[in-house]
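Participant: Given next are the chains, with one letter for each unit.
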Amino acid sequence: MEQSTTISVPAGTGYVHLLRVVIAGVAAGLDFPIDEIDDLRLAVDEASAHLLSAGAATGRITVRLTPNAEGLNVVAWGDRTDGEWPGAADQRSMSWYVLTTLTDDAEMERVDGHPAVRFTKRLAHREV
Amino acid sequence: MSATPTLNDREHERELFERLPDPAAREELVTLYQPLARYLARRFEGRGESFEDLSQVASLGLLKSVDRFDLERGVQFTTYAAATIIGELKRHFRDRGWAIRVPRRIQETGMRVSRAVADLNQELGRAPTVKEITVKAELSTEDVLEALEAAGAYNTLSLDAPFDGGQGTAADRLKEDDDPFERLEGWASMAPAIRTLPERERRMLYLRFFEEKTQSQIAEEMGISQMHVSRLLARTLRRLREEMHPDV
Chain A
1 MEQSTTISVP AGTGYVHLLR VVIAGVAAGL DFPIDEIDDL RLAVDEASAH
51 LLSAGAATGR ITVRLTPNAE GLNVVAWGDR TDGEWPGAAD QRSMSWYVLT
101 TLTDDAEMER VDGHPAVRFT KRLAHREV
Chain B
1 MSATPTLNDR EHERELFERL PDPAAREELV TLYQPLARYL ARRFEGRGES
51 FEDLSQVASL GLLKSVDRFD LERGVQFTTY AAATIIGELK RHFRDRGWAI
101 RVPRRIQETG MRVSRAVADL NQELGRAPTV KEITVKAELS TEDVLEALEA
151 AGAYNTLSLD APFDGGQGTA ADRLKEDDDP FERLEGWASM APAIRTLPER
201 ERRMLYLRFF EEKTQSQIAE EMGISQMHVS RLLARTLRRL REEMHPDV
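Those protein sequences? They're chains A and B, same order as listed.
Everything in the first sequence is counted per the numbering used here, starting at 1 for the first residue and increasing by one.
Everything in the second sequence is counted per the numbering used here, starting at 1 for the first residue and increasing by one.
Treat the hints as calculated values from the structure; they're not laboratory data.
All figures in this text were calculated on a predicted structure; none of them were measured in a lab.
For every residue, glycine included, the Cβ atom is placed at its ideal position computed from N, Cα and C.
Treat each hint with caution, since some may be false.
What the hints assert, rightly or not - Computed spacing ranges between beta-carbons, pair by pair:
1) B/Arg42 / A/Gly113: 42 to 48 Å
2) A/Arg60 / B/Pro35: 51 to 57 Å
3) B/Glu27 / A/Thr58: 49 to 55 Å
4) A/Asp31 / B/Arg195: 36 to 42 Å
5) A/Glu2 / B/Leu124: 31 to 37 Å
6) A/Gly29 / B/Pro35: 53 to 59 Å
7) B/Ala191 / A/Asp31: 36 to 42 Å
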C-alpha cells in the first residue's frame, strides 16, 4: 500500500494555506521536529509560488506527499502542459533558491507532461 | 479630549443643535466632537482592527448621534454621543466576530504550545516533534498544529518589538562582507529589497540561507524563540516575494 496523500487546490494564493496545513499534518505524523515541519510549510509555499509565477499553474495545483524510508517526498505540479519548463530564469528565482535551501534534492521535472517541482525532506534518525 | 466646555461653549453648542439640519452647524458639531470619537476608537485598538477603520466606525457613530440628539431630553450630548459611538464600535466587532474570537482562542493554545516548545527545547537540546508537544501541553495534535500554523500566519508581532541579544553583529558582518546578497546568484536581483528590511530580518535571512542554520540554531543565537524565528522568517519571505512578484 502506498501511503501517499494527494491534495488539489485552485491555483491561487488564497488556497496555498490549505497545502501548508496538510503538509504540516502529514509531517507531524512522521515525527518531524517542528522546525523542519516549518521548513516543509515554507517549501510547499515556495513550490506553489514557483509554479504560479512561472505560469505553470493557472487552474489547479496538485501536491502529492509520499512518506518513504528517507523521510517525506513531495511533488507539486500545475495544470498546464504547454510552455517552457523549467524556464531560463526559474533556476535563479528567489522561490527556487529558498526551496533548495529548505529541502534535500529539489528538482524541476514533469509529471504526466505537467511542470512539476519535486523535493525530499530527510528525517534524521535519532535515538529517542 | 477637550476639557469640560465652559458655559459659553454650551450655549454655542445648543445654538448649533438648534440650527440643525443646517450642514454648516452639523459639520461644526462633528468637528467639535471628533476628539471624542478618536478617543473612543483608541479604546478598541489591539483587537485586530486598524485604528483607521475604528476611527471611521466611531465617526459614523458620532454623525448618528449628532443627527439623533434631542436637546429637550436633558441629557448631555457628550454622554449621548459616547454611548452611541461605543454601541457602533461594539456592533462593528460583533459583525466581525471572527476577528477577535479566533486569535484570542489561538493565543491561549499558542501560549501553552510556545511554553511547551521552550521547555522541550531545553530538555531535548533540539526542536521537539508535534507528538512531544501534545504530551507536554496536554493538547490535541490539531490544536498544536493550528497554533503552529497561526504562529506563522498572523502578523501580530510588531516589527519594532524590542530585541536583545547579539545586537549589531549581523550588521557588522554584512558591512564587512559588503552586501553578500549582492554577490550571490539568484539573490542579486533581490538585494535592493533586502536592503530595505529591518536589520533583524536581514540577519535572519543571512543565518538561514547563507549559513544554512536551522530555525532552532538561529533562535538560540538571536536569543528569541523558535516560533518567533519561524514567524519572522515567513513574514520576511512573504514580503520579499510580494516585492518580486506583486501579482503572486
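Participant: Does each hint hold? Answer for all of them.
Facilitator: Against the structure, the hints:
1. A hinted range of 42 to 48 Å is violated for the C-beta pair B/Arg42 and A/Gly113, which are about 58 Å apart.
2. Take A/Arg60 and B/Pro35: their Cβ atoms lie about 53 Å apart, and the range 51 to 57 Å holds.
3. Range check, B/Glu27 to A/Thr58: about 51 Å between beta-carbon atoms, so the 49 to 55 Å window is met.
4. As the Cβ distance of A/Asp31 to B/Arg195 is approximately 40 Å, the hint placing it in 36 to 42 Å holds.
5. The hint said 31 to 37 Å for the Cβ distance between A/Glu2 and B/Leu124, and at roughly 32 Å that hint holds.
6. The given range of 53 to 59 Å is respected by A/Gly29 and B/Pro35, whose C-beta atoms sit roughly 56 Å from each other.
7. For B/Ala191 paired with A/Asp31, a C-beta distance near 38 Å keeps the hint of 36 to 42 Å intact.
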